[in-house]
Every structure is written in structure tokens, then in C-alpha cells.
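Undergrad: In case you want the letters, here they are:
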Amino acid sequence: MYRKTMPYKIFNGCNILFLGLMALLCILPLIHVLAVSFSSSAAATANIVTLWPVDFTFVAYQKTFDNPLFLNSLVYAVARTVSGTLLTMLLTISAAYGLSKSFPGRTAYSWIIVFTMLFNGGLIPSYMVVTNLQLTNTLWALILPSAVSVFNTILMMQFFRAIPKELVEASSIDGAGYFRVLISIFLPLSLPSIATLSLFSMVGHWNSWFDGLLYITDYRKYPLATFLQTIIQSGDMRNTSIDPSELAALSERTIRSAQIFIGALPILLVYPFLQKYFVSGTTMGAVKE
Amino acid sequence: MSVRTEGKKQSRFIKDLPIHLFILPSIILLLIFNYMPMAGIILAFQDYKPRLGLFHSPWVGLEHFRYLFTYPDSKQVIWNTFLIASLKIVANTVIPIGFALLLNEIRLLVFKRSVQTLVYLPHFLSWVILGGILTDLLSNKGLANQALGWLGIPSIYFLGDGDWFRFTLIVSDVWKEFGFSTIVYLAALTGVNQSLYEAAEIDGAGRWKQTLNITLPALIPVIVVIMTLSLGNILNAGFDQIFNLYNPLVYREGDIIDTFVYRVGLMNGSFSFATAVGLFKSVVSFILIVVSYTIAYRWGNYRIF
Chain H
1 MYRKTMPYKI FNGCNILFLG LMALLCILPL IHVLAVSFSS SAAATANIVT
51 LWPVDFTFVA YQKTFDNPLF LNSLVYAVAR TVSGTLLTML LTISAAYGLS
101 KSFPGRTAYS WIIVFTMLFN GGLIPSYMVV TNLQLTNTLW ALILPSAVSV
151 FNTILMMQFF RAIPKELVEA SSIDGAGYFR VLISIFLPLS LPSIATLSLF
201 SMVGHWNSWF DGLLYITDYR KYPLATFLQT IIQSGDMRNT SIDPSELAAL
251 SERTIRSAQI FIGALPILLV YPFLQKYFVS GTTMGAVKE
Chain X
1 MSVRTEGKKQ SRFIKDLPIH LFILPSIILL LIFNYMPMAG IILAFQDYKP
51 RLGLFHSPWV GLEHFRYLFT YPDSKQVIWN TFLIASLKIV ANTVIPIGFA
101 LLLNEIRLLV FKRSVQTLVY LPHFLSWVIL GGILTDLLSN KGLANQALGW
151 LGIPSIYFLG DGDWFRFTLI VSDVWKEFGF STIVYLAALT GVNQSLYEAA
201 EIDGAGRWKQ TLNITLPALI PVIVVIMTLS LGNILNAGFD QIFNLYNPLV
251 YREGDIIDTF VYRVGLMNGS FSFATAVGLF KSVVSFILIV VSYTIAYRWG
301 NYRIF
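Quick note, the sequences are listed as chains H and X, same order. The UniProt record's numbering applies: residue 1 is where the first sequence begins, and numbers increase by one. The UniProt record's numbering applies: residue 1 is where the second sequence begins, and numbers increase by one.
If we strip away everything but chain H, and leave its shape as in the complex, we get (with noise of 0.2 Å):
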């Protein structure tokens, strides 16, 4: 009735229109960091290019890709992306299979578990356990340390404990042990949330810098995230071990947003997976009956 009325008409085109802004806003600025990168060096240095490149033109990739410092980046961000992902999957898995069982002993482990969410040691004292483990330099040091998903394990767990327990009766008296019922009853069962769950460890892993910053402390070993870091904060030299001249060659405008945009694109290849699962994994755990 009220959507017929002058007021509501009225309002409602400035919402459309307001909601329209809004997100163009939220995309604005990556079109103007695509823009500059296939702008010619001269338009971006005088400012000229706004949502549209100017002298378009691919040098700007062409040198990111003939720079063996970011080519190694891209090779550690996927090797640490995949092999973390992997053995977060596994763990994840295999800790969810157990934990939805009923045994003496569930609720000590799951405290366990949980209470890493409440407390934590801090920065200083994580820093001193991965060093004195003589993890520094290694790909151990960025995937280990995060391994465990305390989130995703509970998730998992929930999602096991909803499966039917005949099922499980029936495949134990056909003489299926534990693992055999894992592998043929709970994984087929649940590969979508494995996959979503898989997806969002990957984006975690391919945006995560800090852990390359604090651990690695030779630069050309660094993951793309940690690189990136470093080229953006390019003004603040006290973090970075990288050659001056090198740096500044590696910082210019066009090129570092060539660089930027080549690390937020696999996250937007992803994307439509990823919005497909992650409005029902974030109520998940918000909306309860």
C-alpha cells in the first residue's frame, strides 16, 4: 500500500541511487589502482589518470614479471598458500572427525581448543617459539604456527556430528573401522563444507604477511603478501632489508599498482565462490535457533 505513495516513490529512488554510490564506491578504488597500472609512467607521475588509463600500455607488468624478486614472491605465495591450505585441511578433518564422537576425555580436549581463542601469549613470546624451533627462513614458520583453525575445526564439527548416526552404525557392523568411515561415509558427506572451508583457509593464506615480515628474514624468500608489504611501505625503510636503489626501481607508481592488482586478483577470481558460501557460513555461527 505505502509503495504507492508520493513520499515512498521519492524515497525510494534516492535509496537506489544512494545504494548505487555506495558500491560503486567500494570498487572505485580498484578500477583507479587497474587504471594507473596500464597508464604510461609520464600520466601517472602527473597525475592524470583517473578511472581510465591513460597512453595504455603494458610496461608496467612487463617489468613486474621481469623481476626475479617478485616472480620468487608469487612461487613462495603459492607454495605456502597450497601446503598450508592442505595441511589445514587435514588437521581440521581429522581433529573434527574425532571430536564429534562422544568419549571420555572430548570435553578436555575441546577446552584445549577453545581456550586458545580466549588467550593468547602476544606477539613476543610466539616470535621466541618459532625462532628457537630454528623455523626462521623456512615455509614451516608460515604455515605450522597457524595450522590449526580453531573456527573451522568447531564448524566441521558441528557439521560431522549432524551427520545421521545410523549411518555410521551400519558401515561398523559391515566391519568399517573408524577411518574407513571417515573416508567413505563423513568426506563424501561433506565435501561442499570442505571446500568452502578449504576456500576461505586459501584467501587467509594468500593475504597473510606478517608471519613472512617475522619470520623470514631473507628477502627474496618472501611471500607475495610480505613483498607487497614491503614496496608499499617502501617510505618507512626501517622494516625493509631490501637494497635501496632495488626498492626505488621496484616503487614506482605504475608498477606498484601493476603489483597490487596481481595480489588482489586471485582473491577476485575466487570471489563468486566465495560470496556463494560465506552468507550462510556467517550466519552460521550468529543466527541460532
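I should point out that these hints are in silico values taken from the structure, not numbers from a laboratory. The structure presented is a predicted model; accordingly, all values stated were derived computationally and were not measured. One thing to keep in mind: the hints can contain errors.
As the list claims (entries may be wrong) - Each computed DSS-like pair below joins lysine-lysine, with the alpha-carbon atoms no more than 25 Å apart:
#1 H/Lys101 / X/Lys9
#2 X/Lys209 / X/Lys112
#3 X/Lys112 / H/Lys276
#4 H/Lys101 / H/Lys165
#5 H/Lys221 / H/Lys63
#6 H/Lys165 / X/Lys15
#7 H/Lys4 / X/Lys209
#8 H/Lys101 / X/Lys15
#9 H/Lys9 / X/Lys112
#10 H/Lys4 / X/Lys112
#11 H/Lys101 / X/Lys8
#12 H/Lys9 / X/Lys209
Chain H is fixed; fit chain X onto it per the hints.
TA: Here is chain X on its own, set in the frame of chain H:
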């Protein structure tokens, strides 16, 4: 008797052994990377010297904490953390609610979905990427200042002036997260009983009245739960964001506990003092999380499991 229960326990354990083996890898990693650092907080009560090690460094009791609460710089850092985090919590609640209410009015599904797709995006990009984009946009000659120039407004040092830096932190954090935070409120809005609106319509209530008297009250439980749970974040002012945006010019207004710990501990090598500062944060956060979860559990019937 006791021998028999002992035997039962043992056989139960053997029967359950595979279950334990499934869980143990995670537990071991947590013990190493989460619980060992917790033991490392004894650093905070020592004057740690790397060459003496953890076991031979002299004890100083609460000296570092006394320093923390008397040293003007660290008091400023605690205040900054609290202020920035609180402003973010409020802004990140109010704006997503408003946005969800507006989005809820849209009947054109294609438009609604497209808006949602675009506003969720920044949430998934890291602060390294966004920091890079923002430093470029907000720089002296960046797009933002160019736009202000067209309007005849003089350049603003978004990242170089302390007060503007705080403002930039809040606005850019809202920009990154408001879309994503909207999801929960939108979900709550779809849960509102539609017959309430029909009844209100018959009574002659307009859309504004309906929003005030039906929609908002329906959102209140969700808002209360989310606000309560965010209490635990009152000292999380956003390390990733600030670290990727700040510079020495804005340390006074923009330095927070986490960035302070990083600089003091890992750049200057004051391990013990930095651990003490970190411990202060962990303890306060721990207390707030426990309190807020208890409240949310009692009043909002919220539980994690």
C-alpha cells in the same frame, strides 16, 4: 574394585585410541604454538637478556608494568587503542544496520544482489592491498585530494595529520567491513514475521512507522548480542590496517598497543617490556571476552557450540 575400574578405563582407552590419534596432531601443534608462548609470558617479569636466556635472566617483578602505567608514551598508546577500537565498534554497528535497512527496502532483486556483490568485496582484500591503494588515493596529489580540489577545498593530509589519520582509520575500516557486517542484519531482517507488517498496514501505519515499531525492535536482540561480543575487541584497534597506513608523523595519535609492541619489542629489542605490554592486552581482552560471552549467553541465549 579399583583394579577392575582401572582395567575398564584402560580397555576403554584402547578402544578409543583411534579417536585420540585423530585429535592429537592438532592438540600437539596448539601446545607448541599457542601454549608454549603462554609460558613465555614470564619474560614480562624478567629483564630478559638473550645471552643469559630465559632461565638465567634477572627477575624484576612488576617493574615493566609500573613503567607501562607511568610512561606518558605508553599511556597515550593505551588511550589510542581504546579510542580507535571503540569508535570502530560503534561505526561498524550503526552503519551496517542502516545499510541493511535501506537494502531491505529494495524490491528489484537484480539490483539488490549486485549491490551486495560489490559491497562485500573489500572485506576479502588484505590491508596490504588496501593500504597500498589508500596510500595512493589519499596522498597529497592523490585522487581524493584532486576531487577535493575540484570542489575548491584545500588538500588534506589524511595520512600525515594525527586527527585526520584517526578519521581515515575509522572511515576506511567501515569502508572495508560495512558490507560484510550487513549480512547478519539482513539475515535477521528476513526472519521478521511478515504478518506483523500486514497488520500494521491495516492499522494505517506507514513504512517509517513500521520500521520504527516492527523492524528495529526485531533487530534489537541481534544488535545486543553483537555489541556484547565486540566488547572483547575493545583493545583490537586493527594492527594490519594501522601498520600498513601509519608513519612516524602520526605515531602520537595513531600508535596502538599492537604496533607499539612490534616496534618496541622487535625493532628496539626490548623483549621483556614488549611482552609485558602484550600481556596487559591479553589479560584485559581475556576478562572482557569471558564477561561478554557470559552476558550474551545469559541474556541473548547465544552460545558458540
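Undergrad: Now tell me if each hint is right for this structure.
TA: Hint check:
no.	hint	result
1	H/Lys101 / X/Lys9	holds, 17 Å
2	X/Lys209 / X/Lys112	holds, 23 Å
3	X/Lys112 / H/Lys276	holds, 15 Å
4	H/Lys101 / H/Lys165	holds, 10 Å
5	H/Lys221 / H/Lys63	holds, 20 Å
6	H/Lys165 / X/Lys15	holds, 18 Å
7	H/Lys4 / X/Lys209	holds, 16 Å
8	H/Lys101 / X/Lys15	holds, 13 Å
9	H/Lys9 / X/Lys112	holds, 17 Å
10	H/Lys4 / X/Lys112	holds, 20 Å
11	H/Lys101 / X/Lys8	holds, 19 Å
12	H/Lys9 / X/Lys209	holds, 16 Å
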